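Using the sequences plus the hints, can you model the full thing?
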Amino acid sequence: MPLAVLERDGSFLGVLTPHSIVEVLLERERRLLEDARKINAEIRREADKAIEQLDIKAHYDTVTGLPNRQLFCDRLLQALAAHERDGNPVVLLFLDVDNFKSINDSLGHLVGDRLLRATAERIRTAVRDGDTVARIGGDEFTILLNGAKDTLNGALVAQKILDGLAQPFVFGAQQIVISVSIGIAVSPADGETMEQLLRNADTAMYHAKSRGKNNYQFFSPELNVQAYRRQEIERNLRCALLQGELGLRYAPRVDLRSGRIVALEVCPFWLSSELGDVPPDDFIPVAEETGLIVQIGIWAFRTACAHAAVWRTQGLADRCLSFRLSQRELDDPQFGDRIMSLLDGCGLEPENLQFELSERMLMTHAAHTLAVLQELSNRGIRFSVGDFGTGNASLRRLRRFPIDELKIDLSSVRDIEPDSDDAAVITAMIAMAKSLRMDVVAVGVETPEHVAFLLERGCRHGQGRLIGARLPPERIAALLAGDAVDLFVA
1 MPLAVLERDG SFLGVLTPHS IVEVLLERER RLLEDARKIN AEIRREADKA
51 IEQLDIKAHY DTVTGLPNRQ LFCDRLLQAL AAHERDGNPV VLLFLDVDNF
101 KSINDSLGHL VGDRLLRATA ERIRTAVRDG DTVARIGGDE FTILLNGAKD
151 TLNGALVAQK ILDGLAQPFV FGAQQIVISV SIGIAVSPAD GETMEQLLRN
201 ADTAMYHAKS RGKNNYQFFS PELNVQAYRR QEIERNLRCA LLQGELGLRY
251 APRVDLRSGR IVALEVCPFW LSSELGDVPP DDFIPVAEET GLIVQIGIWA
301 FRTACAHAAV WRTQGLADRC LSFRLSQREL DDPQFGDRIM SLLDGCGLEP
351 ENLQFELSER MLMTHAAHTL AVLQELSNRG IRFSVGDFGT GNASLRRLRR
401 FPIDELKIDL SSVRDIEPDS DDAAVITAMI AMAKSLRMDV VAVGVETPEH
451 VAFLLERGCR HGQGRLIGAR LPPERIAALL AGDAVDLFVA
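Position 443 (the sequence shown) corresponds to 443 in full-length UniProt numbering; numbering is contiguous.
These are computed hints drawn from the structure, not numbers from a lab. All clues given are correct.
Derived lysine-lysine pairs resembling PhoX-like cross-links, with alpha carbons at most 25 Å apart:
#: 1; residue 1: Lys160; residue 2: Lys213
#: 2; residue 1: Lys213; residue 2: Lys101
#: 3; residue 1: Lys160; residue 2: Lys149
What follows is a set of in silico ranges between Cβ atoms, one per label pair, in the way DEER data are often shown:
#: 4; residue 1: Arg229; residue 2: Gly345; range: 33 to 39 Å
#: 5; residue 1: Arg475; residue 2: Thr125; range: 52 to 58 Å
#: 6; residue 1: Arg75; residue 2: Ile43; range: 31 to 37 Å
#: 7; residue 1: Gln78; residue 2: Ser420; range: 55 to 61 Å
#: 8; residue 1: Gly87; residue 2: Gln167; range: 36 to 42 Å
Since we're looking at a predicted model, the values are computed, not measured. Cβ atoms here follow ideal geometry from the backbone N, Cα and C, with glycine treated the same way.
Put into structure tokens, the structure is as follows:
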């Protein structure tokens with residue numbers, strides 16, 4: 001039966017038949033189903049998006065966007081499985097950013113993260129699309145070379161990375177220079193499992209650090225022995241200061257004309273109760289990597305000042321004390337204030353204190369370095385650059401810093417005949433330093449001929465075996481009392 005439809009005021013609106021009622025109900029049901037389908041589709045999209053985000057977080061680094069350790073290990077396992085089928089070597093590179101903690105501590109984590117992203121991008125440009133670059137730790141990256149035919153691929157990629165990172169990173173007015181140490185391991189020779197390959201690449205990376213950083217090294221079985229020794233050095237070094245196992249020796253620096261001692265280079269040594277005599281070249285790099293160098297530096301400063309005080313009571317005039325400065329110490333926010341506080345308490349005048357830096361230290365976050373050096377220079381402290389000519393510091397860059405002295409190393413000079421290439425290089429370096437109004441110190445002076453050669457070219461200061469190796473405090477006191485060193489110059 002048809003139904004009349006009225007408005008609330010009683011006016012006639014229309015007639016509903018049984019058929020039209022069914023149509024209305026069906027239309028309503030269709031709309032409800034369509035709405036339900038849209039809601040379900042939206043829920044699925046959101047769920048898929050959430051799953052994708054979870055997958056990204058689970059397998060990719062949030063700072064650089066690179067694969068993380070988990071994803072890298074999955075791909076490494078796949079590569080090792082493929083090796084079983086095709087026999088192609090698996091080439092793994094392990095990279096560590098040199099001195100990254102110092103950069104993070106001095107410039108902050110925001111700059112550190114930005115630097116990591118920029119570093120990751122440069123590393124990516126050095127590899128092929130099919131290779132895997134991952135960030136597996138704070139400043140550690142790994143690279144898996146896909147389809148490498150031989151070990152030469154690893155060396156080529158490593159060198160390409162080193163070359164790519166040689167240019168400074170520019171963040172606004174800030175320039176930051178970094179380097180990486182790279183270890184390379186190749187399966188099956190260096191390990192047939194994921195764990196072995198990662199461990200041996202890491203060992204090779206530490207070997208690269210021990211060779212001066214900013215280089216790459218392949219793994220060899222002998223490195224396991226070196227890695228074990230490094231671990232033993234680190235373990236024992238933490239107790240060495242407390243147990244009184246560290247001491248100081250001094251390398252005298254003289255005026256090559258008169259033989260008078262003008263400065264003393266402070267040289268820590270370590271006689272370990274467990275490891276014996278540990279050379280500085282072995283324990284100083286470990287101290288720098290672990291941060292123990294800051295404590296050792298404070299101890300060395302106080303101890304050297306105490307020795308100087310004893311010499312003073314013996315009527316011996318103060319000489320300049322020269323300390324080698326590490327990147328970790330320079331980046332310590334308290335470094336400048338600590339040095340001035342220590343100076344106030346030891347009786348040493350600022351002009352009798354010198355710090356030696358490397359060329360690379362001048363290039364690493366230069367703005368911070370310049371500010372620290374300028375502050376201390378204004379108070380009378382002197383600075384030198386060691387092994388000048390071995391790094392990449394330009395004359396223009398050197399002139400920005402309050403550098404008083406350049407050190408040149410004669411240890412590798414074999415031929416000092418006037419027409420030799422070695423003589424020409426040394427002569428040019430001396431002239432360069434003098435043009436910058438800087439003093440020049442020759443290190444590695446071993447013969448009277450060296451002395452004559454240097455004096456002819458206007459280099460007045462030197463140190464080396466001819467003058468005296470690293471000597472204990474009592475021997476230094478005797479030399480100071482004699483006032484001059486016999487250089488045996490005819």
